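Enquirer: Order-wise, the sequence lines are chains P, F, C, V and Y.
For the first sequence, full-length UniProt numbering assigns the number 1 to the initial residue and increments by one for each residue that follows.
For the second sequence, full-length UniProt numbering assigns the number 1 to the initial residue and increments by one for each residue that follows.
For the third sequence, full-length UniProt numbering assigns the number 1 to the initial residue and increments by one for each residue that follows.
For the fourth sequence, full-length UniProt numbering assigns the number 1 to the initial residue and increments by one for each residue that follows.
For the fifth sequence, full-length UniProt numbering assigns the number 1 to the initial residue and increments by one for each residue that follows.
No lab work stands behind these hints, which were simulated from the structure alone.
You may find that some hints are simply not true.
Since the list gives no way to pick one copy over another, a pair counts as held whenever it fits inside one copy or between any two copies.
Here are the simulated DSSO-like cross-link-like pairs (lysine-lysine), alpha carbons at most 30 Å apart as the crow flies [stated by the list, open to error]:
{"id": "1", "residue 1": "LYS215", "residue 2": "LYS39"}
{"id": "2", "residue 1": "LYS149", "residue 2": "LYS183"}
{"id": "3", "residue 1": "LYS194", "residue 2": "LYS95"}
{"id": "4", "residue 1": "LYS276", "residue 2": "LYS308"}
{"id": "5", "residue 1": "LYS120", "residue 2": "LYS308"}
{"id": "6", "residue 1": "LYS119", "residue 2": "LYS149"}
{"id": "7", "residue 1": "LYS308", "residue 2": "LYS149"}
{"id": "8", "residue 1": "LYS39", "residue 2": "LYS169"}
Everything numeric in this text was worked out from a predicted model, so none of it was measured.
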Amino acid sequence: MYIVSDEIQKSEEIEIHEDVKEIIFSSPYKEEIIAWLLKHGFHESFIEDIQNEEQSIVYEESESFKLLVFKYFKRSSEHPLYFIDTNIIMIITEKKLFFLCEEKDVIQRIVARFRRRYKKGDSIPYVTYTLIDILIDATMGMVDLVDDKLEIIEDTIFAEEFDEEETQKSLYFARRSLNRISKVSVQENDVINKLYNHYPSTVRKKLKFEFIDLKEHLSFLINESKAYLERTGYLQNLIMGYMSNRMNQTMQRLTGITLIFLPLSFIVGNYGMNFKYMPELEWKYGYFAVWILNIIIALGLYLWLRKKRWI
Amino acid sequence: MYIVSDEIQKSEEIEIHEDVKEIIFSSPYKEEIIAWLLKHGFHESFIEDIQNEEQSIVYEESESFKLLVFKYFKRSSEHPLYFIDTNIIMIITEKKLFFLCEEKDVIQRIVARFRRRYKKGDSIPYVTYTLIDILIDATMGMVDLVDDKLEIIEDTIFAEEFDEEETQKSLYFARRSLNRISKVSVQENDVINKLYNHYPSTVRKKLKFEFIDLKEHLSFLINESKAYLERTGYLQNLIMGYMSNRMNQTMQRLTGITLIFLPLSFIVGNYGMNFKYMPELEWKYGYFAVWILNIIIALGLYLWLRKKRWI
Amino acid sequence: MYIVSDEIQKSEEIEIHEDVKEIIFSSPYKEEIIAWLLKHGFHESFIEDIQNEEQSIVYEESESFKLLVFKYFKRSSEHPLYFIDTNIIMIITEKKLFFLCEEKDVIQRIVARFRRRYKKGDSIPYVTYTLIDILIDATMGMVDLVDDKLEIIEDTIFAEEFDEEETQKSLYFARRSLNRISKVSVQENDVINKLYNHYPSTVRKKLKFEFIDLKEHLSFLINESKAYLERTGYLQNLIMGYMSNRMNQTMQRLTGITLIFLPLSFIVGNYGMNFKYMPELEWKYGYFAVWILNIIIALGLYLWLRKKRWI
Amino acid sequence: MYIVSDEIQKSEEIEIHEDVKEIIFSSPYKEEIIAWLLKHGFHESFIEDIQNEEQSIVYEESESFKLLVFKYFKRSSEHPLYFIDTNIIMIITEKKLFFLCEEKDVIQRIVARFRRRYKKGDSIPYVTYTLIDILIDATMGMVDLVDDKLEIIEDTIFAEEFDEEETQKSLYFARRSLNRISKVSVQENDVINKLYNHYPSTVRKKLKFEFIDLKEHLSFLINESKAYLERTGYLQNLIMGYMSNRMNQTMQRLTGITLIFLPLSFIVGNYGMNFKYMPELEWKYGYFAVWILNIIIALGLYLWLRKKRWI
Amino acid sequence: MYIVSDEIQKSEEIEIHEDVKEIIFSSPYKEEIIAWLLKHGFHESFIEDIQNEEQSIVYEESESFKLLVFKYFKRSSEHPLYFIDTNIIMIITEKKLFFLCEEKDVIQRIVARFRRRYKKGDSIPYVTYTLIDILIDATMGMVDLVDDKLEIIEDTIFAEEFDEEETQKSLYFARRSLNRISKVSVQENDVINKLYNHYPSTVRKKLKFEFIDLKEHLSFLINESKAYLERTGYLQNLIMGYMSNRMNQTMQRLTGITLIFLPLSFIVGNYGMNFKYMPELEWKYGYFAVWILNIIIALGLYLWLRKKRWI
Ligand SMILES: [Mg+2]
Ligand SMILES: [Mg+2]
Ligand SMILES: [Mg+2]
Ligand SMILES: [Mg+2]
Ligand SMILES: [Mg+2]
Ligand SMILES: [Mg+2]
Ligand SMILES: [Mg+2]
Ligand SMILES: [Mg+2]
Ligand SMILES: [Mg+2]
Ligand SMILES: [Mg+2]
Ligand SMILES: [Mg+2]
Ligand SMILES: [Mg+2]
Ligand SMILES: [Mg+2]
Ligand SMILES: [Mg+2]
Ligand SMILES: [Mg+2]
Ligand SMILES: [Mg+2]
Ligand SMILES: [Mg+2]
Ligand SMILES: [Mg+2]
Ligand SMILES: [Mg+2]
Ligand SMILES: [Mg+2]
Ligand SMILES: [Mg+2]
Ligand SMILES: [Mg+2]
Ligand SMILES: [Mg+2]
Ligand SMILES: [Mg+2]
Ligand SMILES: [Mg+2]
Ligand SMILES: [Mg+2]
Ligand SMILES: [Mg+2]
Ligand SMILES: [Mg+2]
Ligand SMILES: [Mg+2]
Ligand SMILES: [Mg+2]
Ligand SMILES: [Mg+2]
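Chain P extracted, bound-state conformation (with noise of 0.2 Å):
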């Protein structure tokens, strides 16, 4: 899709040139590419891996190509925290470097910031940890949108907000992206360390201080998605443990609003029996007795209740 070699360019059509550095951005079903791949000497069983939709992350390297399959978080459009990756393939060789993915739109995405920190004269090396830097960093903004999240929803827990079923299916999502993320993140560790100790001691040298930035994002996106996945669990208690109380209070109301009228009822069903001699159904303020009698029940059944908490 895109070709950048002196400068960036946009073409559906794909031309390879030998001996030029060229980094280009395509599907991994391009035809040309796939060609141009099998041509010099690219094993077919890495064709199926860059075409296979579930391919793990790996760092595979055979005598002129190193294949590194890296994922990319994208928003799905089921839940905002659920992420859901695609294959981001990276095939290097000495003057190109391909990188495939399925997901046109995520192209664009890539590209634009790619635009922003290309210099001309970037060896294949620098644009490969330049472009992982941007994986990364993607990444790293996926976790930061939960902890945004988780601290929404620890503030509306603690204000007592919250919608118990939404709560609970944002921190489900939560802990799928971020178990996910967690994984993916240990295994691109992986393959960041395998890359660069395959590179010659030159490029070693000179690309030391990016390689440890990498490694230091990669371990702070391990810790962090680690450490909310934690706090998903503690939020998870807390959300438990309210509702728990919530439902405690609705019994103890409950409780406490039959006892009121409890004696109530069966003080009026007494006066509505039809016993002949009833002695005070004949006097003369029996009934205001009772209106009085229930009152105070009511009242002293209420205040004992208030005090004890039940209500």
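Given chain P, work out where chains F, C, V and Y with the ligands should sit, using these hints.
Expert: Leaving out everything else, chains F, C, V and Y with the ligands in the frame of chain P:
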């Protein structure tokens, strides 16, 4: 059951030819095979192992034999997410590969897939690779099936259309199966490493990428099965939360409805008393007034409960 | 209790012959044995250990002695899934093997099995292997028993015929026992490794496959007991879910039944009031109409609750 | 407080003699000891450590000193299962062993046990072993006590005679204590390893079996405290299950009793209505019939509920 | 902000002198410092790191610089148990130590403590030790505070005077903070190891006991924060148990009170019926008898419920 040398033949009687490359699919209880193995120095204790239904996954080697025990997962009739495993025994000599399994239908399914991939000249190590690949692919299909089912469960939960007991049951069997698959995969990874390292270096060179691929798929299996296992835990939490939430609402509704009827019952009870002097009873519109009062109380309570979201 | 040299003899008095291969089954408190051990340089601290009921599983070696402590699991009388362990002490010299256990019935059971496997010429290392194998097989039987019981529990849960408290109790003891078995097996694996590595190479060569088999069985034990332990956790979750579900339904039913009777009670209460002017009371078919009304309300509510699946 | 050289002497004033083997039991704040230590080159930072109440368990070594910090567990007055630990400091030079502890009663208890085991000629390393053994035995006593208490808790649970809050409290303190003991034991194991490895080989040879025994006891402590910790978790689950079960039954009983009285109340309410035309009221045996009806309904419901095990 | 060379001086303008030992306390955004660093070959990527609010804890080294990033914990205004951390950056050259922190009040607090410990001749490595010690002591104070608060929570729980939501909130923030502290301490331990190992052997010898002490304190921090983290979990269990217990009792009381009133209401309802022939109504002491009956029933039920501990 099946003998593969030049082509795949099915026959109940097995006749093993010396010095010819043969791949023999059969049962570990087939007498001809046991006899042949013992004749060629296969250790007695190995015979016991291959006929032991609960034999663990192992790689064992004596002078002329390699013994591999793998597991094949089948859906049980008890529940679509409950997978049971049978032993797959592979005994490898220079010219022979015995592929033994107690269950005929498993053999048939594997032979069916093998038929599509086998080419006449394939060496014994390459055939070994092919068969292991078929086994791992089958397990990957099982994990995929669990993934799909978990997605459906997730969706029914969010749509609040889930049957608690059915979902609990599904999660339980998903956990059992994933737990088993993840453990089996770790052990099979170990076996494959041992197998690869015991090959002579020429074979190792030829099959390098094939074995890298096998190990990649196993590591995918291990990672995915663990991730899904964790996901079942998250889903459990979700269900628990939702169920507790539902119960909460039921309780609140009960409280609400009780609240509405308690004062009404008290009022009609009150005017059912038989006191001689009860002025309201003499009023012309007393009865009418009680109805109005009751309607006001019921409506007022109803609206108040609505606002409090208790009903 | 039992002395095995040429054949198995039972006798309460023990006389130990020098320079003869003897396998002696007895109690760690038998004075003749203690005397013999001390006379032959068995360290005092070892005497303490073999008489210590809570001695851990160990492998200890001094110049002429090997000391092994294993555990034998027996079903306790408290619960069929609660296994208690007793110490099995094996003291090995060049010509003697002391197999000591406090409990006579354990000795008897093991001698009974040993009798079937012992052949006259068996060397002391081979006898050691045989006895360890018998011990491990016994533990495997225990794990199998737990497995069978868990299957039954699972089935009664799904058939919704389980008694909560009984099931909880069973799971509790299954967990205690499996936890213990898994830990003991890990330690015994360690002991067997040490024992094997301290044999001279000729013995190691002869017993290679026997010890591989022992370790295989122990690793099976470790894996299975851990897997079943996890399964008990899943079953706990299941039970909790089912119980919470049942309670849920009970609550809903209560709500439903209350809902049906509340309006009925209100209506009959209403016409029990003693107002002078209550036109309905004068109607000829008033009472009949109330019955009709009540039936309609009750039926309507019942059908509505059915549809909502609250009843 | 106590000085042991030829025999154990108690005295408030401490006078330390050069070049004589002395074991001194005292407080880490005793000025004479601090002065002696500083005079003989004990590092300032060590002085701080031995007076720090929250000092961790360590083994430190300078030219002429070995410094060991251990923990001694005492039952707290707050709860019989809550153990608090005090520091035990051992400072070892060629001729002296300082055994320091802030709490007099701890010193007394240890000296009492030491008195029974000490023999005049015992070397400083042997005395060190003896004292460590006494400390570990004391901790083992504590774990035993927890074990006994857990057995009792278990039995009261199964006998359904447990007080929820008391049991929860006991389990809480058992967990706190076991958690602490298990961690302390791991660290003490480390200290003992270091101590043994820093002895000259002659001492190592002499005390080999004594130190093996110490480490065995510590590994017993570690294993048991972890196992009991897991058991407390299982017991928690059990209690939760039982409590939830009890509540379940209470709810069902409530439902049942409500069910019985609801129709009865409706019936008597029905015949309390004041309709002019209510034929049943005129029947001679109407009232009697209502009683019969009520008894039939109540009994029928009661039997039905019994059968459903709701009551 | 502060410059320490011969004595501690406060000044807003910073002038850095070459070849003089200076300890400079300031902000990572101070332009004079950034300029000086860049002039002396401090790597660009390090500048980014020291200004990055989410920079992880690291030890980085280039030719003439050591870069250390630590974390300082402050109580947040949101909750007394919620600690937030700020970056502490230490940049060390042969003659300079830059101690940078964004927040002025943190700098002030640390300088205040530093003032008490600093002596003129202190070398740069010794000053480094002093500052790290101050940081770790501050964190230890935080953990102590959590410990004290957990003790209070524990006591209020056992006194049954706890407010559920407040306690849940406190435990939540204690967990968040302890989790963070434990992770930070592990990473800081790593940094201190690297720092110590990169010193020349003369410095290592001089500061041996100081660094042992630092690592001891960090290992104390790691152990304690983990232990308290586990304790929060135990307390959660306790609260859950107590809350569930309370609810249980509320339910039982409800059941009890309902039980008492149900028969009374039935009885008075019964004698409110309007049957023509109801012999009891004609009795002289009928009404009186009903009262007696009711009192007997109520009292009997009350005593029975008391005995069953349902009320
Ligand atoms: Mg592949
Ligand atoms: Mg970056
Ligand atoms: Mg953030
Ligand atoms: Mg934040
Ligand atoms: Mg907040
Ligand atoms: Mg950096
Ligand atoms: Mg076997
Ligand atoms: Mg495959
Ligand atoms: Mg899938
Ligand atoms: Mg999916
Ligand atoms: Mg979905
Ligand atoms: Mg059902
Ligand atoms: Mg591959
Ligand atoms: Mg011992
Ligand atoms: Mg066996
Ligand atoms: Mg079985
Ligand atoms: Mg089974
Ligand atoms: Mg079953
Ligand atoms: Mg075997
Ligand atoms: Mg210290
Ligand atoms: Mg001891
Ligand atoms: Mg005990
Ligand atoms: Mg016991
Ligand atoms: Mg018991
Ligand atoms: Mg011992
Ligand atoms: Mg950075
Ligand atoms: Mg300090
Ligand atoms: Mg403290
Ligand atoms: Mg404390
Ligand atoms: Mg306390
Ligand atoms: Mg120290």
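Enquirer: Now, for every hint given, state plainly whether the structure supports it.
Expert: Evaluation of the provided hints:
{"no.": "1", "hint": "LYS215 with LYS39", "in the structure": "between (34 Å within a copy, 27 Å between copies)"}
{"no.": "2", "hint": "LYS149 with LYS183", "in the structure": "both (21 Å within a copy, 22 Å between copies)"}
{"no.": "3", "hint": "LYS194 with LYS95", "in the structure": "within (20 Å within a copy, 38 Å between copies)"}
{"no.": "4", "hint": "LYS276 with LYS308", "in the structure": "neither (42 Å within a copy, 39 Å between copies)"}
{"no.": "5", "hint": "LYS120 with LYS308", "in the structure": "neither (77 Å within a copy, 65 Å between copies)"}
{"no.": "6", "hint": "LYS119 with LYS149", "in the structure": "neither (36 Å within a copy, 48 Å between copies)"}
{"no.": "7", "hint": "LYS308 with LYS149", "in the structure": "between (38 Å within a copy, 26 Å between copies)"}
{"no.": "8", "hint": "LYS39 with LYS169", "in the structure": "neither (50 Å within a copy, 53 Å between copies)"}
Hint compliance for this structure: hints 4, 5, 6, 8 are broken, all remaining hints hold.
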